[in-house]
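> Chains as they are written, first to last, in our numbering: chain A, 1 to 164; chain B, 165 to 472.
One or more of the hints may lead you astray.
[Unchecked claim] Some residues of chain B that are not near chain A, with every Cβ distance over 10 Å (derived):
hint	residue
1	175
2	177
3	179
4	187
5	217
6	278
7	281
8	327
9	425
10	443
11	466
[Claimed, not checked] Covered by chain B, per the in silico footprint, the following chain A stretches (three or more residues, Cβ under 8 Å):
hint	segment
12	8-14
13	17-26
14	31-41
15	118-131
16	147-157
[Unchecked claim] Label pairs and their calculated CB-CB ranges:
hint	chain 1	residue 1	chain 2	residue 2	range
17	A	118	B	371	51 to 61 Å
18	B	352	A	55	54 to 64 Å
19	B	170	A	146	39 to 49 Å
20	B	198	A	35	46 to 56 Å
21	A	100	B	458	19 to 29 Å
22	A	80	B	188	36 to 46 Å
23	B	194	A	146	14 to 24 Å
24	B	170	A	109	52 to 62 Å
25	B	336	A	67	20 to 30 Å
26	A	58	B	171	28 to 38 Å
27	B	367	A	39	54 to 64 Å
28	A	146	B	195	21 to 31 Å
Keep in mind the hints are simulated off the structure, nothing from the lab. Glycine residues also receive a C-beta, built at the ideal position from the N, C-alpha and C atoms.
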Amino acid sequence: MPSALSSTVEGLYHAHHNWLTGWLRRRLGCPQSAADLAQDTYLRLLQAREAPQLIEPRAFLATVAKRVLCNHFRRQELERAYLQALAQVPEEVAPSEEQKAVIFETLLELDRLLDGLPPLVKRAFLLAQVDGLGQGEIARELGISLATVKRYLSKAAMRCYFAL
Amino acid sequence: MNTTFSPQVAEQAVHWLIESQGDDFGQVQQLALEHWLQADQEHQRAWAHIQQVNQRLRGVSSPIVHATLQAPPSPARRRALKALLLVGVASATGLGLQQHSSLPGLMADYRSPVGQRRRMQLDDGSVLQLNTRSAADVRFDRQQRQVRLFEGELALQVANDSRPLLLRTGEGALRLDSGRFNVRQFDGYSLVSVFEGVASAGGQPLLAGQQARFTGAWRSVSALDRNVAAWVDGMLVASQMRLADFLAELGRYRHGQLGCSERVADLRISGSYPLDDSERILQMLEVALPVRVRRFTRYWVTVEPNIS
């Protein structure tokens, strides 16, 4: 880790930690999560490739914290949908607690990678790579042309495999 | 593993992925893909990276993925996001790009999707067939012929040639003489069935009419069960098979989950069933056995006792 980066983050932490926790608490209504998300915000800063140029440190912190907060809300929402889906699974074939956690991590990551893609593009990708459906089948299922299926799959694949 | 790639290579790898999964991907395209892979190490790394991610994606039950990732956003989240957007959006580039966790390397040239079979004629005249959800690599050079089974099941008609044919499974290498073989990869071992010819592991032969588990050496050698290769003709053949085992076999050819309740698991079933229409097989089950087929979603089916 570049030392310029860690000293910048350390400086931000000392100067603005209380302010950031308060900022998060106002948006969450929960002191416990606010403290956790403040930690996540600094962790995320530490993963940056280079030290940020700080002109407005609080505006910068807020920008990063917003992302952390978005992820937090999204995670909660996915967790809810995931638990609902699991509840429908017959007991005999339900995954173990450990598998459940591993599957959820994969889902979170997949969701993050595919975030922002149009619903049909996402769906085409899941049908191809999770369900293993052929491209012709996907075209029929979604009612779109084969060329469109390929375009959708390429678009989602660039995101999912290469974050591009 | 290093998972950073130039955008050009990423784009090419994605192009090949989509092409290789296309319905009209033939031997000419296959060769072109191999050329591309051979041309640069970064190509191979990018291809392996895609296979690894896919391996992980396939490990997740599809009804759960669809139900979780395609749930509509809740009103609470929509409100929260709206409130956040009001604060204004500044850019914070370079933040938070995580890396994928890696799985053991996988680089399959040939892949058959769920429910489909593929038949390939190899350069030496051998014929390779892949059963449902299977992946294999073929590498022939001047000294030897190598086939590697990554997952699933293959049938191999080995042509006579001066070069030996080595078949690699998850457990190690087998040497196959000209003949006809069926090999299926299980968790921790592979099942090798010899219809014609000889398969050798560490100098120990497995003869025509025999089958055995291969774990690096032969285990539990027994008489050949000819039904194991019925899939080549598109059939699933059962003789006094437990219903639970039958459904597990049938489930290999379908998307999603297929199982049964414990109360019917030990019912016995016999007969030949065409694999291309697994829905019809399920319908026939209701006629042949005192069971009821229950569908939670299109991808989620369980067989239960018929109490009526």
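> Now, for every hint given, state plainly whether the structure supports it.
Here's how the hints hold up against the structure:
For residue 175(B), the requirement that its beta carbon stay farther than 10 Å from each beta carbon of chain A is not met, with the minimum near 7 Å. Its closest Cβ contact with chain A, about 7 Å, brings residue 177(B) to no more than 10 Å, contrary to its assignment away from the interface. Non-interface call for residue 179(B) relative to chain A: violated, since the shortest CB-CB distance, roughly 7 Å, does not exceed 10 Å. Non-interface status of residue 187(B) relative to chain A is broken: a Cβ of that chain comes within 10 Å, the nearest being about 5 Å off.
Once the 10 Å rule is applied to beta carbons, residue 217(B) is inconsistent with being away from chain A; the minimum gap is 6 Å. The Cβ of residue 278(B) does not lie farther than 10 Å from every Cβ of chain A; its closest approach is about 4 Å, which violates its non-interface assignment. Here residue 281(B) stays apart from chain A, with its beta-carbon at least about 13 Å from theirs, past the 10 Å limit. Look at residue 327(B): its CB is around 34 Å from the nearest CB on chain A, clear of 10 Å, so calling it non-interface holds up.
Residue 425(B), annotated as away from the interface, has a beta carbon of chain A within 10 Å; the closest lies near 7 Å. With a least beta-carbon separation of about 14 Å from chain A, residue 443(B) lies farther than 10 Å from that chain, consistent with its non-interface assignment. Listed as outside the interface, residue 466(B) is inconsistent with that label: its C-beta sits roughly 5 Å from the nearest C-beta of chain A, within the 10 Å cut-off. Counting residues of the segment 8-14 of chain A whose beta carbon lies closer than 8 Å to any beta carbon of chain B gives 0, which falls short of the minimum of three for the stated coverage.
Coverage of the segment 17-26 of chain A by chain B is violated in this model, with 0 residues showing a Cβ closer than 8 Å to a Cβ of that chain against a need of three. With 0 residues carrying a beta carbon less than 8 Å from a beta carbon of chain B, the segment 31-41 of chain A misses the three-residue requirement, and the given coverage is violated. Here's how the segment 118-131 of chain A fares: 8 of its residues keep a CB closer than 8 Å to some CB of chain B, so the rule of at least three is met and the hint holds. Coverage of the segment 147-157 of chain A by chain B holds [criterion: at least 3 residues with CB-CB distance below 8 Å; count 4].
Checked against the hint of 51 to 61 Å, the C-beta distance between residue 118(A) and residue 371(B) comes to roughly 58 Å, which is consistent with it. Checked against the given bound of 54 to 64 Å, the beta carbons of residue 352(B) and residue 55(A), roughly 59 Å apart, stay inside it. Taking the beta carbon of each, residue 170(B) and residue 146(A) are about 29 Å apart, not inside 39 to 49 Å as hinted. Checking the proposed 46 to 56 Å range against residue 198(B) and residue 35(A) shows it holds: the Cβ atoms sit about 54 Å from each other.
Distance hint for residue 100(A) and residue 458(B): a CB-CB separation of about 23 Å, consistent with the stated range 19 to 29 Å. The given range of 36 to 46 Å is respected by residue 80(A) and residue 188(B), whose C-beta atoms sit roughly 42 Å from each other. Checking the proposed 14 to 24 Å range against residue 194(B) and residue 146(A) shows it holds: the Cβ atoms sit about 20 Å from each other. The hint said 52 to 62 Å for the Cβ distance between residue 170(B) and residue 109(A), and at roughly 23 Å that hint is violated.
Distance hint check for residue 336(B) and residue 67(A): the Cβ-Cβ separation is about 48 Å, which falls outside the suggested range of 20 to 30 Å. Between residue 58(A) and residue 171(B) the beta carbons are some 35 Å apart, a value that agrees with the proposed interval 28 to 38 Å. Between residue 367(B) and residue 39(A) the CB atoms are about 60 Å apart, so this pair conforms to the stated range of 54 to 64 Å. At about 23 Å, the CB distance of residue 146(A) to residue 195(B) agrees with the hint of 21 to 31 Å.
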